[in-house]
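Q: Given the structure of chain F, go ahead and fit chain W onto it with the hints provided.
Here the protein sequences line up with chains F and W, keeping their order. For reference, each letter of the first sequence is one residue, going 1233 to 1596 in the numbering used here. For reference, each letter of the second sequence is one residue, going 1233 to 1596 in the numbering used here.
It cannot be assumed that every hint is accurate.
FRET-style restraints, in silico, Cβ to Cβ [said to hold, decoys possible]:
id	chain 1	residue 1	chain 2	residue 2	range
1	W	Gly1252	F	Gly1458	32 to 40 Å
2	W	Ala1573	F	Arg1338	50 to 58 Å
3	W	Gly1339	F	Arg1338	38 to 46 Å
4	F	Ala1308	W	Gly1252	36 to 44 Å
5	F	Ser1593	W	Gly1340	49 to 57 Å
6	W	Ala1573	F	Gly1355	43 to 51 Å
7	W	Thr1493	F	Ala1521	55 to 63 Å
8	W	Pro1270	F	Arg1338	33 to 41 Å
9	W	Pro1270	F	Ala1308	40 to 48 Å
10	W	Thr1493	F	Gly1458	51 to 59 Å
11	W	Thr1255	F	Glu1542	46 to 54 Å
12	F	Asn1241	W	Ala1305	57 to 65 Å
13	F	Ala1308	W	Gly1263	31 to 39 Å
Since the hints were derived computationally from the structure, they do not count as laboratory data. Just so we're clear, the structure is a prediction, and the values are computed from it rather than from any experiment. Glycine included, C-beta positions come from ideal geometry on N, C-alpha and C.
2 protein chains.
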Amino acid sequence: MTGAEQLRNEQADFVASVAGELTGFLTSRQGIMSGISPDIDPIMGSISNLVTGGKRLRALMCYWGWRGAGGDAGAAEVVTAGAALELFQAAALIHDDIIDRSDTRRGGPSVHRRFSQLHEAQGWALDSGRFGQAAAILAGDLCLSFSEEAFTDIGERAASGSRARLIFNLMRAEVMAGQYLDILEEVAGPVRDRAGAVSRAQSIIRFKSAKYSTEHPLALGGALAGATNDLLRGYSAFALPLGEAFQLRDDVLGVFGDPLTTGKPAGDDLREGKRTVLVALALDQASPAESAFIDSRLGSPELDDGDVQEIRRIIEDSGALQATEVLIGEYGNAAYEALEALQLDELPKTALRRLAEATVSRAS
Amino acid sequence: MTGAEQLRNEQADFVASVAGELTGFLTSRQGIMSGISPDIDPIMGSISNLVTGGKRLRALMCYWGWRGAGGDAGAAEVVTAGAALELFQAAALIHDDIIDRSDTRRGGPSVHRRFSQLHEAQGWALDSGRFGQAAAILAGDLCLSFSEEAFTDIGERAASGSRARLIFNLMRAEVMAGQYLDILEEVAGPVRDRAGAVSRAQSIIRFKSAKYSTEHPLALGGALAGATNDLLRGYSAFALPLGEAFQLRDDVLGVFGDPLTTGKPAGDDLREGKRTVLVALALDQASPAESAFIDSRLGSPELDDGDVQEIRRIIEDSGALQATEVLIGEYGNAAYEALEALQLDELPKTALRRLAEATVSRAS
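Same shape as in the complex, but just chain F (with noise of 0.2 Å):
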């Protein structure tokens, strides 16, 4: 077996190992809901139906960071750590498109608008987008509640005191300050220092995604496997940068990416009114009459096709998609320089090493 099959092999193995728990745990959650009431199915369908789809990026990260800090192939405690990223990030994203108010998720409809669907489709009284809502937000909440069910059963390794208890702690409050900062950023932003945007965009991808997407699950990883401090340290540097790639990256899919990829509509950060660190630099670097067309349009329920098309082309123009592609390389370097110096086996360093390109060049 070569080293790319024995990797190849490895990573398809603990993916199958977090479906595996995934699955074992939401059926027994499922046993004592549908004891309560059959009619909560639907919730628990909601988020199995979440958990089942995506990149599995957090999970990754973790195992990695745990093998790279002498874990063993596949224990039992890195699987359920990678369960309970998956349910976190599950629950992250019914909220998430609730406050976004994004009717999709992976190509198919969202939470809350699979409630306001099911709501139509039985005829049920009052107001069918309220209650997909109400019901998102508790999915959510459930969900959330999940995750730290999960987390606990990993044991004494994430007993209250231990590293990766604080880092969990940590990344969940983080990961919540960094999305009420991306939601104040979209209305606050239009009134607040222009000088200071771009700045402040980059501090809303350090906390709402970097840290939480590649820097604490890493850690979290290496945390659980006994990681020394120098070598969480030197995860902190490859895996910081690497986030705040993959979040740039994230920002311009979110408006060029094309949403038979991506599963999301063209253009929908636009609509969400997203101020990222992309439209920052536009909004700097375009003529004031162009800045002021993106003021007017971010955020609006109406934007149409042709203003995003418009706000496209003066991104484009204003050289803030050029400044982005040069600013996502950048980090992108960092993050593999800094996984250069670790010192690593070989098989995690090469494993995080395909992640890294993954990330930084995805197209969806």
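A: Chain W in isolation, oriented as in the chain F frame:
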């Protein structure tokens, strides 16, 4: 010192300790959050504000469950458990108020209204209502995570697989399931069979309220102190009917309560479209025309004070109010009988009797 004084002092000490624990906990998290950005202060402020008030019913049930099972007065574990329960309750209230579109909480604005008002006061862009809702979803998520952090802080006695942990997990899942059944009944109730409405409303009460507000907190305290299974069964026999009486009283106050005492607008439950036992009994016992009137107004945003008056009249004249008061009396008596049958020291038994009296006869 008389027994009554001892009880008052011990209870006051515990409530003060929980308040101190909450302040310490939130102050430490405030430090982390301010480090990310002072912009997050209003989120932390909204959580602090919410855990400052309230009746501390759940924390007190937990405390006397602990004491009844032989736990020491004022021990750290039960104080931390009380703080975790209060944080969980605050998280539930934040999301509940979004779901129910409640603009007030304890006489002040609810969290989503606070953020809408902040938006308006600052002259921010886009929609203040949407911003308020999004911020409150995130504030509730953060508070839910905090509740878990606090619970884990209990340590060994609440570790993975412990009985206290299982109760805490079940409590969270059941209250979320109960809340979903509650919003489902609002929309599906009008098209479901009327004959089953009262029993559906009773099932909702059990899961969203009775188990959550009294049964599980009492059992949690007991489990932390190492209660026998017999004692836990006895606790349930007392706390479950008590919790049912508690919620039925809440339902009566939601329609007939004095806004000055409840801190909620008159007839708030009717505007929210809650299909409580009280309402289900009225729909069952009123004339077809009166039932049709209730059905047409329940949950309507246009419900006015005249409608509230008329629905109150129908609930009274149909005998539903009296029937609910009889139920409250019956559940209360069942709780008292079960309490007397418990093998408890005089102090916790008296304390639980007092809590039960306050719960069943309260006016707010």
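Q: Next, verify each hint and record whether it holds.
A: Each hint tested on the structure:
1. Gly1252/W <-> Gly1458/F: 32 to 40 Å: Taking Cβ atoms as reference, Gly1252/W and Gly1458/F lie about 35 Å apart, which means the hint holds.
2. Ala1573/W <-> Arg1338/F: 50 to 58 Å: Roughly 55 Å apart at Cβ, these two residues keep to the hinted range, so it holds.
3. Gly1339/W <-> Arg1338/F: 38 to 46 Å: About 44 Å separates the Cβ atoms of Gly1339/W and Arg1338/F, which means 38 to 46 Å holds.
4. Ala1308/F <-> Gly1252/W: 36 to 44 Å: 39 Å, holds
5. Ser1593/F <-> Gly1340/W: 49 to 57 Å: 51 Å, holds
6. Ala1573/W <-> Gly1355/F: 43 to 51 Å: At roughly 48 Å between Cβ atoms, Gly1355/F and Ala1573/W fall inside 43 to 51 Å, so the hint holds.
7. Thr1493/W <-> Ala1521/F: 55 to 63 Å: 58 Å, holds
8. Pro1270/W <-> Arg1338/F: 33 to 41 Å: 36 Å, holds
9. Pro1270/W <-> Ala1308/F: 40 to 48 Å: Distance hint for Pro1270/W, Ala1308/F holds at roughly 42 Å.
10. Thr1493/W <-> Gly1458/F: 51 to 59 Å: Holds: the Cβ-Cβ distance is about 56 Å, inside 51 to 59 Å.
11. Thr1255/W <-> Glu1542/F: 46 to 54 Å: For Thr1255/W and Glu1542/F the Cβ distance comes to about 52 Å; the hint holds.
12. Asn1241/F <-> Ala1305/W: 57 to 65 Å: Once the Cβ atoms are compared, 58 Å apart, the range 57 to 65 Å for Ala1305/W and Asn1241/F holds.
13. Ala1308/F <-> Gly1263/W: 31 to 39 Å: 35 Å, holds
Of the numbered hints listed earlier, not one is contradicted by the structure.
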